[in-house]
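Student: The lines below spell out each chain.
Protein chains: 2
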Amino acid sequence: MDAIVVILTWSSVEVTTAFAKRAIIAHQLTNCLTEVFIDRALKRAAWLDDQLKSTGNTVGPLHGLPLSLKDQINIHGIESTMGYTAWIGRVAQRNSALADILESQGAVLYVKTNVPQTLMSGETFNLIFGRTVNPFNRSLTSGGSSGGEGALIALKGSPLGVGSDIGGSIRSPCAFNGLYGLRPSFNRVPYTGSVNSLEGQEAILSVFGPMTKSIEGVREFMKSVIFGKPWNRDPMALKKQWDEDAYKLVEHGNGVQLCFGILWSDGLFHPHPPVLRALEIVKNALLAKGHKVIDWEPYKHGELYANAKSVFSAVGEEDFLADTVPTGEPIIKTMKLSDDEPVKWPAKKLNVEAPMLGSFVSADTKLTAYELWQVHKQRRQLRTEYLDRWQATASKTGTDRPVDAIIAPVAPYPAPPHGQFGIGTYTVVWNNLDYPAFILPVTKVSPELDPKRPPPVFFSDLDKQLYDFYEPEIFANAPVSVQIVGRTQNDEAVIGMAELIDQAVNKQKGA
Amino acid sequence: MDAIVVILTWSSVEVTTAFAKRAIIAHQLTNCLTEVFIDRALKRAAWLDDQLKSTGNTVGPLHGLPLSLKDQINIHGIESTMGYTAWIGRVAQRNSALADILESQGAVLYVKTNVPQTLMSGETFNLIFGRTVNPFNRSLTSGGSSGGEGALIALKGSPLGVGSDIGGSIRSPCAFNGLYGLRPSFNRVPYTGSVNSLEGQEAILSVFGPMTKSIEGVREFMKSVIFGKPWNRDPMALKKQWDEDAYKLVEHGNGVQLCFGILWSDGLFHPHPPVLRALEIVKNALLAKGHKVIDWEPYKHGELYANAKSVFSAVGEEDFLADTVPTGEPIIKTMKLSDDEPVKWPAKKLNVEAPMLGSFVSADTKLTAYELWQVHKQRRQLRTEYLDRWQATASKTGTDRPVDAIIAPVAPYPAPPHGQFGIGTYTVVWNNLDYPAFILPVTKVSPELDPKRPPPVFFSDLDKQLYDFYEPEIFANAPVSVQIVGRTQNDEAVIGMAELIDQAVNKQKGA
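So the sequence lines, in the order shown, correspond to chains A and B. The first sequence begins at 32 in the numbering used here and counts up one residue at a time. The second sequence begins at 32 in the numbering used here and counts up one residue at a time.
Chain A with its partners taken away, still in its complex shape (with noise of 0.2 Å):
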């Protein structure tokens, strides 16, 4: 990671000096904090560099480096309200495993960051710290439920944050400020010790991953964390070390001619023109280095979101309510600016009209333990045929092998403003198969490049509506990415990938 080289150079002490202050001004200019403790950094980094001095080695290859946290990982003494009011004053008693992993590589930790009430949502507001806004335009959205680290990190108040990601909760921050992100597969970053939403659901579960402006940083992040053995410490963890071979893709030729497919839409919502541009720019990058690369057709990907959706609203409200009915806390149900405020496209209205497409969690669909079960049943039957077509691609790539990622939108628009998120397809889909998914920073809307494009044979009238909705100064200048994703488990492979993938991109740009 750079910051490996930075240590070299600067103290661990200047370091986070000057990752604090630029935190402090990102957090003036999108009020992207949750908990400061600067003060107690500084002392660590301290401790670290007088460590180095007097023994000549680090304490692990974070040593010295400063990492920002959501704020629902626990650290020892400091609170974790995950924007509950009757969460205030919660103060941690001891470390997560991730905060604890993280400190024994040698990290400083030294704020936490914004999240929206409940976390399922895809935009960052709650009713202790208030909004988080996009630092690219600050009447955008910076995303959810990570936005606090998409606007901390794209500002450069730190360089490497943890989010959490059950629907889109990394990509969507990464995707709207420009950042490189991994969503991990199921418990390869142990989650223990943490607080959360929805505990008890043990179907489609929450991850913790990187949110770097330093494509490196994933690799370096997800090395260290396994390197720290998670296993040791939080029983869910998956006991798999770091597996270099899979990193250096052996099972995907070498990467010598790899063989992507291009999901350009996913059968529920046209893309708008920045993001289809990106996924242009990413074909003819990997065509011109000799790549193969193929459409990939949506699988079911309405079911899949359904049926996550299910899993989601298993019980309602009721989850939240066991923590928003102790102070009379209303339960946010927009993330508009104001209610007077107009609606610039039908994100609410997806909420009235197509509750099942609207929001993560519909209220009034409490299902029994053997309803659940069949949702899961159904889960696992959608997963396995999913599994299956991608097994059979082996017929249509002409490398003797399956694609070998899949390259798809991360949402389809670049960051919206405020209280106008309301699409997941893009995201839940992975989460719902456990797919691996980095986020690679591709362009940003251009106005000039990025005009309406003719209308598409719409799937619905609310694809139309989203057509509409677009205006090119809308979006101008916001980030656009792209999602590569991977099988279950093969997260090393997927960072190969993606790294591969950005060195082309960034050739063909001539960077």
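Incorrect hints may have been included.
The list treats identical chains as one, so a pair stands whether inside a single copy or across any two.
To be verified - In the EDC-like style, the derived pairs of lysine to aspartate or glutamate whose C-alpha atoms are separated by at most 20 Å in a straight line are: (1) Lys270 x Glu416; (2) Lys397 x Glu502; (3) Lys187 x Glu66; (4) Lys538 x Asp80; (5) Lys270 x Glu247; (6) Lys408 x Asp354; (7) Lys260 x Asp274; (8) Lys323 x Asp533; (9) Lys270 x Asp419; (10) Lys408 x Glu349.
Quick caveat, the hints were computed from the structure, so don't treat them as lab data.
Following the hints, complete the assembly by docking chain B onto the known chain A.
Tutor: Same frame as chain A, but now just chain B:
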């Protein structure tokens, strides 16, 4: 595996013929089979023989070896009734992932084996095929739910069979029939495409695993399955290669000096004298080889058992009724030989007075999804505490490592008489923790060596009744086994340690 040697000498047709004949005899003695398709198997054996002859190569490491499968494992063209009359005529339209992999490695499938109705029982009886009895003493149970495999393999009607285990269903038949066997960690052996009970229950997963009279068979089965890349066929399968370093005990001091913890009792039921003697034999054998042995204190085994039972009982009988109502088949409530048979010990009483310990599934405990999630939360907490305790044993072992494995009873008794199996606490806790558990046969019940011992301080009235139940003559000649329990996904190390322990015990015996 021994079979590798065998096929150099005998053809697959010869080997398959021999095991098929023996399987028929085993069936006549114990009623262990459900489906029999020997003609088809012999055709495949002949094809495999031709392949070897014409190409000089084997199809895979299981080339030509006949393997038996528990009834629930789908084989194309063969019925899977799972003991439900309503399922008669349900012919599998395609192979399960496991059958596919075993055939791809060269196996010859020729019989399927008996199960209890619902699978949720420690004995084997259903209304299609009737009862499977114990080959050592037909008045004793063969165990369950993989009791058909247990009896078949003990009578050498199969060199190796596949059972399933959600609460002890591989391990009790192995223990009661003197077999080696493994309950692997979740998702190492693929389940996709087979039938099951309580489908959609995703917390405590049923797993497939090997049962055999050859200790090497366990390792070779696991290697063969994992070499078959189950993750390409089963979306739930772990993408985790066979770990030869783990098998060689690299993380366990290379096997030079290990420290084992012995669970003399789970704090709920005192094991009967033959079970204690088996633990003593193992302890002395390990001490004689220079290993360390300390006591393993049970930690919340009652809570772990009750928690598992809450999961299994979350839908009451609703799942079973879906399969019994169509034909009006009753749900079997007792495994007694007849209703007027005297109760030999209070297994039945357990059902009435202490439903939590009496059977795996309670009929009257239906949960909502929210209630089920609270059970899952408790489960995760218990798993975390157990892991923390295990890690903390590093201060007691003197090896600089935590205890390497736990050695524990499989049940408080050897195979009990029909209808008397009532206690699953010694097996279910490891399912709930997802700890791999290897069954090692140690000795047989000897009225001379296993007299009644003086009464201990009883944990409960039930524990006293269990004590009163023991008479050496009831269990005479029944096999007695122990469990070798390791950490989640550390299957290879558990296999390596079990082999080491088996050698120590055999050396001690002078074998």
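Student: Please go over all the hints and tell whether each is borne out by the structure.
Tutor: Verification of the supplied hints:
1. Lys270 x Glu416: Cα proximity of Lys270 and Glu416: across copies only (18 Å, versus 27 Å in one copy).
2. Lys397 x Glu502: So Lys397 and Glu502 fail the 20 Å test inside a copy (39 Å) and across (52 Å) alike.
3. Lys187 x Glu66: within (17 Å within a copy, 66 Å between copies)
4. Lys538 x Asp80: neither (38 Å within a copy, 56 Å between copies)
5. Lys270 x Glu247: Answer is neither; intra-copy 23 Å and inter-copy 24 Å both fail.
6. Lys408 x Asp354: between (30 Å within a copy, 16 Å between copies)
7. Lys260 x Asp274: Classified as both; 13 Å inside a copy, 16 Å across copies.
8. Lys323 x Asp533: The answer is within: 16 Å in one copy meets 20 Å, while 53 Å across copies does not.
9. Lys270 x Asp419: Result: close only across copies, 16 Å inter versus 26 Å intra.
10. Lys408 x Glu349: Result: close only across copies, 15 Å inter versus 23 Å intra.
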